[in-house]
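J.: Could you build all of it, start to finish, from the sequences and the hints given here?
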Amino acid sequence: MHIYPFLQAVRDKHPLIHHITNWVTIFDCAQVVKSFGASPVMAHAPEEAGAMTAIASALALNIGTLTTEVVESMKLAAAAANHKGIPVVFDVCGAGATAYRDQKSLEILDAAKIAVIKGNSSEIARIAGLEVETKGVDAGQVSADLREIARSLSGKRGCTVVITGAEDIVAGDGKLFLVRNGHPMMANLVGTGCMATSVIGTFAGATPARIPEAAAAGLACFEIAAELAVQKSDGPAAFKQQLFDCVFRLDERQVEALQRVAAAE
Amino acid sequence: MHIYPFLQAVRDKHPLIHHITNWVTIFDCAQVVKSFGASPVMAHAPEEAGAMTAIASALALNIGTLTTEVVESMKLAAAAANHKGIPVVFDVCGAGATAYRDQKSLEILDAAKIAVIKGNSSEIARIAGLEVETKGVDAGQVSADLREIARSLSGKRGCTVVITGAEDIVAGDGKLFLVRNGHPMMANLVGTGCMATSVIGTFAGATPARIPEAAAAGLACFEIAAELAVQKSDGPAAFKQQLFDCVFRLDERQVEALQRVAAAE
Amino acid sequence: MHIYPFLQAVRDKHPLIHHITNWVTIFDCAQVVKSFGASPVMAHAPEEAGAMTAIASALALNIGTLTTEVVESMKLAAAAANHKGIPVVFDVCGAGATAYRDQKSLEILDAAKIAVIKGNSSEIARIAGLEVETKGVDAGQVSADLREIARSLSGKRGCTVVITGAEDIVAGDGKLFLVRNGHPMMANLVGTGCMATSVIGTFAGATPARIPEAAAAGLACFEIAAELAVQKSDGPAAFKQQLFDCVFRLDERQVEALQRVAAAE
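Chains A, B and C, in that order, give the protein sequences.
Under the numbering used here, the first residue of the first sequence carries the number 2, and numbering increases by one thereafter.
Under the numbering used here, the first residue of the second sequence carries the number 2, and numbering increases by one thereafter.
Under the numbering used here, the first residue of the third sequence carries the number 2, and numbering increases by one thereafter.
None of these hints come from the bench; they were simulated from the model.
There's no promise every hint is true.
Note that the list lumps identical chains together, so a pair holds whenever it fits in one copy or between two copies.
Under the rule of at most 25 Å between Cα atoms (straight-line distance), these lysine-lysine pairs were calculated in the DSS-like manner [as the list claims (entries may be wrong)]: (1) Lys-136 <-> Lys-14; (2) Lys-176 <-> Lys-233; (3) Lys-136 <-> Lys-176; (4) Lys-14 <-> Lys-233; (5) Lys-136 <-> Lys-85; (6) Lys-85 <-> Lys-233; (7) Lys-157 <-> Lys-176; (8) Lys-136 <-> Lys-233.
T.: See the structure below:
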């Protein structure tokens, strides 16, 4: 699979990506979108959540610091995205940690057509109906077959499912992609999961006709930048700065030489 | 125009700048104020928005992630600022993107005496009553004469108007200043516009008798720091770090050698 | 006092630290916890504030950008923490700046058993009932004997009291510790006070049987990292990056060679 054309599409079209996301990593979500050459916007008031979505190319939702009011705005924004026909990427951040978070995740999934459900192993396992142990927003252990969970949930919900981890799994349109880029340092930086969701939204917004491929390409580009960034870092904060700037400078040669995306059975 | 005395006033008086601002760049707004030698505070509860303003030297408002509740707190804070006689700087962030944002902007402008209205070209054009196309919080194209828009809105509202861009326009008290400092890299970093508003608030809080000059001087200092910062940066995140630290270390020689502020007809 | 075993306990147990905190420094609070080797989570919805606390090892509260709704969630979370028997660390951020902030601080203190009250000199003096002048969230002058204030408030509230400053004072369980680590550069960076609260929560979560010692050890480790960081910094933003990464890399030799923690009368 050629990855670079997906990055090129982002840089050519610089799509506007509307976010309703959490308050912890909201800047980082915006900056990663901008570093890739797209435009971020964040607007969670119910009075304008739909109108802002209507001028965007994709919608990214993240329940990291959800409230009932903000979830209502997410539903309004998702309805507007469905009406316009742009992809909605949904990060089920912290699913499994509380019953409230599980319930709100399912409400959002039932209220609108979601293009991509994204989470770590325990979050997606929970959304797929399994019992899991979590550590807040960090992944817990999941013994089940993650590829099978992704494939099954993708079929059940009629959407693309992304499980991030040492090996990212992307299941959608009857296909399965494995992204083996990235570095363990990513786990020492708060927000890499949230940023990955914004990246998937950015790539899906630029190439909406091929969502699973766009998601895999976006993850690969983000994680290749992480591999480059870690070489110049002696801790998570130096890594963070390099990560944004390696994204900003990412070129075709780097992408095609380093990408480790495989189509699986 | 001598710029450095305005910076010196900030460092001598270290004014307290109260903010009701957005959740994306709230840290950066606080840090730029602190890096200039002043004190930031952020308090949006309606019960204390006025009381916190009453101990401040200026109030900075930014509707980047507005809600109806937060706008009500902005009105309370602005009323307290008017009562105390301290300047209110209002960033009409995202005006033109949704009807709700336009309406709330006008509500705030009508509810209180605003010292400085600040935005990019499409935001200010919208506030001036023109039809515009926007890209969320990024500037859209405006074909009209920006200097004339600034001058006219300044006259209509009886305040200083700042339009940021490659050339910043500052219109107020019947005068017009052009600030030609800055660097295109600023557009690759989320939050430079929001930070500029905090900087204007900081300089206006230190020199409230000369608001248009203080606004121009503040923009020039911030953008000179950006010019110095970009020399040591290979991407937007490295630039961000350098920007804060070049602000922190900015000295008289740098300011007077690099400033490109002109008074215009 | 040996400091390193407290850091080792954090790294061995990597406790989950639940936060209900402010929107300015929320990322930095999360990242400092993660850099120390623990896990942060932030969840302020009243529907899940208690449930998230129930899977955590400590709760950190900070009223920097309080609202009445968020304070209600803090009370729910604190009740859950009391029920589970995990420590609650409460940063009375901005106490003394407005009557509302004072009132809400006392409400929280009266509603639940707090393990550690933490603030700067004027904040703690205000909570102890003295009249103070403040500058928003920055410390004002306090002429009274700070050690006596800490000791007295600790006795009155039956908890540990931490006053941060050039010399940090930790009073609890009838003991008094003085932490003389740190650097004036910390005052140029927004959020060092908030981060210190998260650090105290992290160390208290790992060693809940010895709260005053854990608080002193956490402050010492954080401030030793600051001393190391400032050597590589030419401004507050470079310092911030180094601070996180010096925390991440902090080792036993550094901690024991540089710690300046004294038990006082």
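J.: Going through the earlier hints one by one, which of them does the structure break, listed in rising order?
T.: 2, 3, 4, 6, 8
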